[in-house]
Amino acid sequence: MVSLIALDRAGFLRLGAGGAIAAAAASGLVPALAGAQLPAATPLDDDVAFLSFATAAEAASRDFYRAAFKQGGTGLSAVERRHVDKVASAKRAHILKLNASLGADAPAAGDFVTVLPKGAVDTKARVLALGETLETLLVRVYLNGVAFAADPGTRLLLGRLLAYDAEQLGWLRAAAGHASPAGLLSPIDLEPAADELDAFLSTPDFPD
Amino acid sequence: MNKPQKKKSLARRARPALVIAFVLCLAAPAAASALNVFAASSLRDVFTQIDAGQTYNFAASNTLQLQIERGADADVFASASPAEPQALFKENKCGRPVTFATNKLVLLVPKSNPGNIRSVYSLRAGGHTLAVGNKGVPVGDYTRSLLRRLGLSRVLTNNTVSGEANVANVVSKVALGSADAGFAYVTDGKIAGDQVTAIRLPRYAQPPVRYQICAVTPSAGATAFINSVRSGRGRSILKAAGFGLPPKG
Numbered sequence: 005m006v007s008l009i010a011l012d013r014a015g016f017l018r019l020g021a022g023g024a025i026a027a028a029a030a031s032g033l034v035p036a037l038a039g040a041q042l043p044a045a046t047p048l049d050d051d052v053a054f055l056s057f058a059t060a061a062e063a064a065s066r067d068f069y070r071a072a073f074k075q076g077g078t079g080l081s082a083v084e085r086r087h088v089d090k091v092a093s094a095k096r097a098h099i100l101k102l103n104a105s106l107g108a109d110a111p112a113a114g115d116f117v118t119v120l121p122k123g124a125v126d127t128k129a130r131v132l133a134l135g136e137t138l139e140t141l142l143v144r145v146y147l148n149g150v151a152f153a154a155d156p157g158t159r160l161l162l163g164r165l166l167a168y169d170a171e172q173l174g175w176l177r178a179a180a181g182h183a184s185p186a187g188l189l190s191p192i193d194l195e196p197a198a199d200e201l202d203a204f205l206s207t208p209d210f211p212d
Numbered sequence: 007m008n009k010p011q012k013k014k015s016l017a018r019r020a021r022p023a024l025v026i027a028f029v030l031c032l033a034a035p036a037a038a039s040a041l042n043v044f045a046a047s048s049l050r051d052v053f054t055q056i057d058a059g060q061t062y063n064f065a066a067s068n069t070l071q072l073q074i075e076r077g078a079d080a081d082v083f084a085s086a087s088p089a090e091p092q093a094l095f096k097e098n099k100c101g102r103p104v105t106f107a108t109n110k111l112v113l114l115v116p117k118s119n120p121g122n123i124r125s126v127y128s129l130r131a132g133g134h135t136l137a138v139g140n141k142g143v144p145v146g147d148y149t150r151s152l153l154r155r156l157g158l159s160r161v162l163t164n165n166t167v168s169g170e171a172n173v174a175n176v177v178s179k180v181a182l183g184s185a186d187a188g189f190a191y192v193t194d195g196k197i198a199g200d201q202v203t204a205i206r207l208p209r210y211a212q213p214p215v216r217y218q219i220c221a222v223t224p225s226a227g228a229t230a231f232i233n234s235v236r237s238g239r240g241r242s243i244l245k246a247a248g249f250g251l252p253p254k255g
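Listed in order, the protein sequences are those of chains A and B. Following our numbering, the numbering of the first sequence begins with 5 at its first residue and continues without gaps. Following our numbering, the numbering of the second sequence begins with 7 at its first residue and continues without gaps.
Among the hints, a few may not be true.
Stated by the list, open to error - So, partial list: chain A residues that the calculated Cβ filter (under 10 Å) puts toward chain B:
#, residue
1, Ala60
2, Asp109
3, Gly181
4, Asp193
5, Ala198
6, Asp199
As the list claims (entries may be wrong) - Label pairs and their calculated CB-CB ranges:
#, chain 1, residue 1, chain 2, residue 2, range
7, A, Ala203, B, Lys254, 49 to 57 Å
8, A, Pro196, B, Thr163, 18 to 26 Å
9, A, Ala203, B, Thr163, 28 to 36 Å
10, A, Asp126, B, Arg130, 35 to 43 Å
11, A, Ala113, B, Gln73, 32 to 40 Å
12, B, Lys96, A, Thr127, 48 to 56 Å
13, B, Lys254, A, Val83, 27 to 35 Å
14, B, Lys117, A, Val83, 52 to 60 Å
Keep in mind the hints are simulated off the structure, nothing from the lab. C-beta: ideal position from N, C-alpha, C; glycine also.
Produce the complete structure using the sequences and hints provided.
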């Protein structure tokens with residue numbers, strides 16, 4: 005069930021200001037200011053599911069970007085490698101934000117580890133293909149979360165992550181020389197999304 | 007037959023009886039010194055394989071913790087979650103706990119699967135009978151944590167749930183067909199493999215299931231038992247039963 009965001013005038017203005025700052029930050033004018041005044045996520049009911057999935061999937065994509073940055077000889081240009089490194093750092097910050105929102109429900113270090121397919125970062129084509137897979141999964145889950153999370157703060161957080169990851173998806177596609185898709189991406193339910201994510205996760209001390 | 011020869015023959019005949027008496031003398035103290043091992047229900051099969059010579063009390067870890075707090079005569083405590091032994095350690099009622107095994111949750115359904123449950127998400131529809139560990143019982147707490155991470159907490163209200171005191175009861179309910187499904191450990195699914203099917207649960211939602219062991223009454227025997235659980239042989243038995251293992255150390 006979709007519920008409307010209940011905001012008073014002050015809240016609305018804060019959001020507007022936040023949006024303006026975020027837009028400015030995206031254009032590189034006001035880095036690091038966006039989000040300072042935004043309402044915190046206080047997940048209600050099953051909102052925790054979107055945040056739990058997000059923290060695991062963002063961790064998998066962060067590990068992927070790190071691996072791609074560390075791997076030499078992939079064919080990524082120096083500019084592309086710098087971008088990949090920057091995204092890995094941003095993802096780290098996003099995970100901290102997600103974990104803070106999850107509180108006691110946040111996964112502990114070592115609950116799961118990322119397992120990338122063999123040779124996943126050996127070549128530029130593979131890097132870009134896997135990056136696109138992971139970002140597409142995240143964007144589709146965030147679309148679902150934005151539509152169905154009950155708490156406005158959680159929806160806002162998911163929306164901000166959606167904006168960031170959609171930007172990365174666009175970057176990966178452009179770097180791969182792919183045309184932008186003609187249609188719109190569809191939201192994905194957490195059940196098939198969990199199956200997709202499981203391919204990149206393993207439980208430590210419990211080999212499958 | 008002269009006297010010394012007679013004596014020699016008597017001694018020879020008495021030798022087996024002496025040997026038996028000696029063995030009995032050795033065995034008596036050994037039986038008396040059997041340890042009281044309090045262990046989580048899910049450890050029943052492996053612990054009796056690792057050391058059949060001890061006296062075991064298998065139950066839910068939180069129940070065992072309570073018994074120890076109330077002064078039950080336990081030498082060793084092995085729990086399905088760190089919470090109970092860590093609480094006892096803080097109360098100075100057991101030595102420092104160590105992790106010796108890990109596990110994972112699965113959803114068990116009867117082989118015939120009358121509820122037609124294909125994944126944990128099938129439970130969203132409601133109308134099923136579920137066997138779930140009670141709150142406070144490790145398997146019950148792990149189940150609730152997993153469902154929360156999956157956004158499926160409502161399956162505990164839109165299905166008919168029977169609360170169980172320990173994981174063995176969950177498995178029995180499912181194996182006997184009294185429940186359409188139940189949340190248990192992957193190792194339980196292996197034990198009851200001919201009666202139940204284990205359905206995998208998403209990795210990202212798995213709570214970390216860690217088994218810890220500690221000496222309640224410090225003794226050489228308690229230390230030896232803990233060492234035997236953590237030994238190469240103990241680890242092989244745990245691994246064969248489907249448990250995960252922490253790094254050696």
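Outcome of the hint check:
{"no.": "1", "hint": "Ala60", "in the structure": "holds (4 Å)"}
{"no.": "2", "hint": "Asp109", "in the structure": "holds (6 Å)"}
{"no.": "3", "hint": "Gly181", "in the structure": "violated (32 Å)"}
{"no.": "4", "hint": "Asp193", "in the structure": "holds (8 Å)"}
{"no.": "5", "hint": "Ala198", "in the structure": "holds (4 Å)"}
{"no.": "6", "hint": "Asp199", "in the structure": "holds (8 Å)"}
{"no.": "7", "hint": "A:Ala203 to B:Lys254: 49 to 57 Å", "in the structure": "violated (29 Å)"}
{"no.": "8", "hint": "A:Pro196 to B:Thr163: 18 to 26 Å", "in the structure": "holds (25 Å)"}
{"no.": "9", "hint": "A:Ala203 to B:Thr163: 28 to 36 Å", "in the structure": "holds (32 Å)"}
{"no.": "10", "hint": "A:Asp126 to B:Arg130: 35 to 43 Å", "in the structure": "holds (40 Å)"}
{"no.": "11", "hint": "A:Ala113 to B:Gln73: 32 to 40 Å", "in the structure": "holds (33 Å)"}
{"no.": "12", "hint": "B:Lys96 to A:Thr127: 48 to 56 Å", "in the structure": "holds (53 Å)"}
{"no.": "13", "hint": "B:Lys254 to A:Val83: 27 to 35 Å", "in the structure": "violated (45 Å)"}
{"no.": "14", "hint": "B:Lys117 to A:Val83: 52 to 60 Å", "in the structure": "holds (58 Å)"}
The structure does not agree with the numbered hints 3, 7 and 13 stated previously, though it agrees with the rest.
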